[in-house]
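K.L.:
Using the sequences plus the hints, can you model the full thing?
Heads up: the sequence lines are chains A and B, in that order. According to the numbering used here, the first sequence is numbered sequentially starting from 100. According to the numbering used here, the second sequence is numbered sequentially starting from 100.
Any given hint could be a false lead.
Said to hold, decoys possible - Calculated cross-link-like contacts (lysine to aspartate or glutamate; reagent style DMTMM-like; alpha-carbon spacing at most 25 Å):
1) A:Lys124 <-> A:Asp174
2) A:Lys152 <-> A:Asp210
3) A:Lys152 <-> A:Glu119
4) B:Lys152 <-> B:Asp181
5) A:Lys124 <-> A:Glu196
6) B:Lys152 <-> A:Glu256
7) B:Lys152 <-> B:Asp170
8) B:Lys152 <-> B:Glu119
9) B:Lys152 <-> A:Glu122
10) A:Lys152 <-> B:Glu122
11) A:Lys152 <-> A:Asp181
12) B:Lys152 <-> B:Asp115
13) A:Lys152 <-> A:Asp174
14) B:Lys124 <-> B:Glu281
15) A:Lys124 <-> A:Asp112
16) B:Lys152 <-> B:Glu122
17) A:Lys152 <-> B:Glu256
18) A:Lys152 <-> A:Asp112
19) B:Lys152 <-> A:Asp253
20) A:Lys152 <-> B:Asp253
21) B:Lys124 <-> A:Asp210
These are calculated hints, taken from the structure and not from any lab test.
Below, each chain spelled out in residue letters.
2 protein chains.
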Amino acid sequence: MKPGPRRSISQADIVDAAFEILEQKGFAAVSVRGVAAALSLTPTAMYTYFPSKNALLRAMVEQVLSTLDLDAASDPAVPWRDRVQALAAELRARLAEHTGAMVLVTSGPLDGPHALALNETLIAGFTSDRMPLADAARAAHAVRAQVLGAAALDAAERAGGASADAERAALWSDATAYPLTEAAAALELDDDAGFTWALDRLLDAFASVTAR
Amino acid sequence: MKPGPRRSISQADIVDAAFEILEQKGFAAVSVRGVAAALSLTPTAMYTYFPSKNALLRAMVEQVLSTLDLDAASDPAVPWRDRVQALAAELRARLAEHTGAMVLVTSGPLDGPHALALNETLIAGFTSDRMPLADAARAAHAVRAQVLGAAALDAAERAGGASADAERAALWSDATAYPLTEAAAALELDDDAGFTWALDRLLDAFASVTAR
DNA sequence: ACCTGAACACCGTTCAAGT
DNA sequence: ACCTGAACACCGTTCAAGT
Numbered sequence: 100m101k102p103g104p105r106r107s108i109s110q111a112d113i114v115d116a117a118f119e120i121l122e123q124k125g126f127a128a129v130s131v132r133g134v135a136a137a138l139s140l141t142p143t144a145m146y147t148y149f150p151s152k153n154a155l156l157r158a159m160v161e162q163v164l165s166t167l168d169l170d171a172a173s174d175p176a177v178p179w180r181d182r183v184q185a186l187a188a189e190l191r192a193r194l195a196e197h198t199g200a201m202v203l204v205t206s207g208p209l210d211g212p213h214a215l216a217l218n219e220t221l222i223a224g225f226t227s228d229r230m231p232l233a234d235a236a237r238a239a240h241a242v243r244a245q246v247l248g249a250a251a252l253d254a255a256e257r258a259g260g261a262s263a264d265a266e267r268a269a270l271w272s273d274a275t276a277y278p279l280t281e282a283a284a285a286l287e288l289d290d291d292a293g294f295t296w297a298l299d300r301l302l303d304a305f306a307s308v309t310a311r
Numbered sequence: 100m101k102p103g104p105r106r107s108i109s110q111a112d113i114v115d116a117a118f119e120i121l122e123q124k125g126f127a128a129v130s131v132r133g134v135a136a137a138l139s140l141t142p143t144a145m146y147t148y149f150p151s152k153n154a155l156l157r158a159m160v161e162q163v164l165s166t167l168d169l170d171a172a173s174d175p176a177v178p179w180r181d182r183v184q185a186l187a188a189e190l191r192a193r194l195a196e197h198t199g200a201m202v203l204v205t206s207g208p209l210d211g212p213h214a215l216a217l218n219e220t221l222i223a224g225f226t227s228d229r230m231p232l233a234d235a236a237r238a239a240h241a242v243r244a245q246v247l248g249a250a251a252l253d254a255a256e257r258a259g260g261a262s263a264d265a266e267r268a269a270l271w272s273d274a275t276a277y278p279l280t281e282a283a284a285a286l287e288l289d290d291d292a293g294f295t296w297a298l299d300r301l302l303d304a305f306a307s308v309t310a311r
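P.N.:
Below you can see the structure in the form of structure tokens.
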């Protein structure tokens, strides 16, 4: 077998390098040229692996979703409520790990195999809980929305913490006050506990639908 | 009063022009240079109005949120459940109107006056519904998350429709099937109805908390 | 006080050419 | 089959200079 020209790296290597840049320098720094340089490749060589930057971003989303333990979430020995709570918490944690992961998710369609498998697992769980398919599909959608939305709000909160305060002051004068928002902030509510609480409320209501 | 050099345009004009570009050419086309050109301005003149592109994007988010009818959502004559349903539907519709609005929301902190006022209105509504502040804050967070998450999933779905299919096929082979996902898709469930349903479930569960 | 022109250090993507 | 070099048409942002 002749050696000939061989792929020096794999698609997975590229995605890994892209995540390294994402974590260290933020979403804006994830560029085709930057990732190529990190791998000692020419920018043009990247187009041998992915047809566009968007395709690379989509592969990154898929890599995040691939770390979810869907087998555990499908184990009928564990109550569905516990499984869906664990799965949702897992996804939320994965999205929180990477600073720019939310922008990633909203930047393209969620139609990769792992995204579809996640949806399938959620619908299966709710139907196995004696829910009609239409309701199960809506429940699965609501759970995915709650996780994505919570992650988006998390990301927005984190983005506001650091250097944004000066810019905020320059843009908007704080004439009016928001007493309830401030009082709630003073309670220092735990975000994780709040997320679990909200999901529990959703699951409570879904259980009522089933029992109806 | 001497005429002298005057602002030829306002911040609002710039935001309007940016939205026009967003709707016609998508989020990627919203550039400082592009918006400047649309207004017959030099790119550098833009920095007289906004300190950075990010500040412009944040102002766009605020403009979207400013269209919400918070007064109606605060009217005690109407049951809170109806008011929060209307407010959530309104926000979701606004986010759906602009193709790239979701990316906008996730691209920076949600700390403008209209974002804070929205949060304040939600917390006020839940507390007036005899909910303790801590629960009301969490309920408000859950509602915002549900709206943002649903909008994100909507956007992802729309992005998948058109030219993405070819790229999808190139990236991922469709070996495995997703029977439940496909069966649910075949039901052609209405997205709006599903959103209202999910929010109703959340509000049902919140009502139980109050009655506890 | 507002705006311009030129410049710096970048982008994504394409295309002909090399081995 | 894989990769390079050069090029095209863009970016966000800064800075000195004009009126």
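K.L.:
For a quick check of understanding: which of the numbered hints are violated here, in increasing order?
P.N.:
Of the numbered hints given earlier, those the structure breaks are 1, 4, 7, 11, 13 and 14, listed in rising order.
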